[in-house]
Amino acid sequence: AQTVTQSQPEMSVQEAETVTLSCTYDTSENNYYLFWYKQPPSRQMILVIRQEAYKQQNATENRFSVNFQKAAKSFSLKISDSQLGDTAMYFCAFMKHIPGNQFYFGTGTSLTVIP
Amino acid sequence: EAQVTQNPRYLITVTGKKLTVTCSQNMNHEYMSWYRQDPGLGLRQIYYSMNVEVTDKGDVPEGYKVSRKEKRNFPLILESPSPNQTSLYFCASSLDRGTDTQYFGPGTRLTVL
Numbered sequence: 001a002q003t004v005t006q007s008q009p010e011m012s013v014q015e016a017e018t019v020t021l022s023c024t025y026d027t028s029e030n031n032y033y034l035f036w037y038k039q040p041p042s043r044q045m046i047l048v049i050r051q052e053a054y055k056q057q058n059a060t061e062n063r064f065s066v067n068f069q070k071a072a073k074s075f076s077l078k079i080s081d082s083q084l085g086d087t088a089m090y091f092c093a094f095m096k097h098i099p100g101n102q103f104y105f106g107t108g109t110s111l112t113v114i115p
Numbered sequence: 001e002a003q004v005t006q007n008p009r010y011l012i013t014v015t016g017k018k019l020t021v022t023c024s025q026n027m028n029h030e031y032m033s034w035y036r037q038d039p040g041l042g043l044r045q046i047y048y049s050m051n052v053e054v055t056d057k058g059d060v061p062e063g064y065k066v067s068r069k070e071k072r073n074f075p076l077i078l079e080s081p082s083p084n085q086t087s088l089y090f091c092a093s094s095l096d097r098g099t100d101t102q103y104f105g106p107g108t109r110l111t112v113l
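Chain order of the listed sequences is A and B. Counting with this note's numbering, you get residues 1 to 115 for the letters of the first sequence. Counting with this note's numbering, you get residues 1 to 113 for the letters of the second sequence.
It is possible that part of the hints are untrue.
Said to hold, decoys possible - Computed list of lysine-lysine pairs in DSSO-like fashion (alpha-carbon distance at most 27 Å, straight line):
| id | chain 1 | residue 1 | chain 2 | residue 2 |
| --- | --- | --- | --- | --- |
| 1 | B | K17 | A | K96 |
| 2 | B | K57 | A | K96 |
| 3 | A | K96 | A | K55 |
| 4 | B | K71 | A | K96 |
Derived by calculation from the structure, the hints in this document are not laboratory data.
Looking at chain A on its own, in the form it has when it is part of the complex (with noise of 0.2 Å):
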C-alpha cells in the first residue's frame, strides 16, 4: 500500500519570508505522479503543482516549487516570499497508475503567513 506523510501538522511563516513544508511517501511503484493541493478556509481543493516521477527536473510555478528526491522519497514543497492568500491547508498528494489512477493524500500541513 502507498503512503503519504506529512509530519508537520502546522506550520507559521512571516509575509515575504519563505516556507517550506515536508512530504515523504513509500511506495514500490516507479512510475507515478505527486502533487501538493491547497485548500484555503472556503474548502476548495486547488492544485498548486505536479511532479512527474520520471522527470529528473524539479517542477516551478511562480513562487512555488518543489524539490523532488526519488531516492528519497521526498517531495517538499517551497512558497517563496510568502502572502497572506498563502494561508491555508496544505495536502501533498501520490497518484499511481497501476492497476488504475488511484490517489492518496497526506494528513495535510496549515500554514498561517503572519503580516
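Once you've looked at the hints, dock chain B against the given chain A.
Only chain B this time, still in chain A's reference frame:
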C-alpha cells in the same frame, strides 16, 4: 463556466436511510473521483472512474456505491448510511485519467445521526 457541481451541499440524515450525492462536471472530463475528508486523516479516495461504465475502488470503498452511466455524472450512493460516514465529501474530475489537474467540487457536508 467550467465547474464540478455537487448536490446537496449539506445533508443531515439518520442511520439506514439511503441517500445519493450527485456530482456533475461540464468539462467533458474522462476521470472522476470521490473523496472523503476527515480531521487528521486528510483526503481518502472512495471510488474513481476512468471513463463511462468503468469504476474502481479507492482506499475506502466500504459502505459506498457509485455509477458512471454518463460521462458528466458520477453519483455517490450510500445504501445504508452509518454515523462513521459523517464526513466532508468531495467529487473531482480531470481530463486525462487523473494526471492532469483535478477540479474539485465545493464539497458536501454529510452528518449521519
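* Asked: Looking back at the numbered hints, which does the structure fail to meet, lowest number first?
  -> Violated hint: only 1; rest satisfied.
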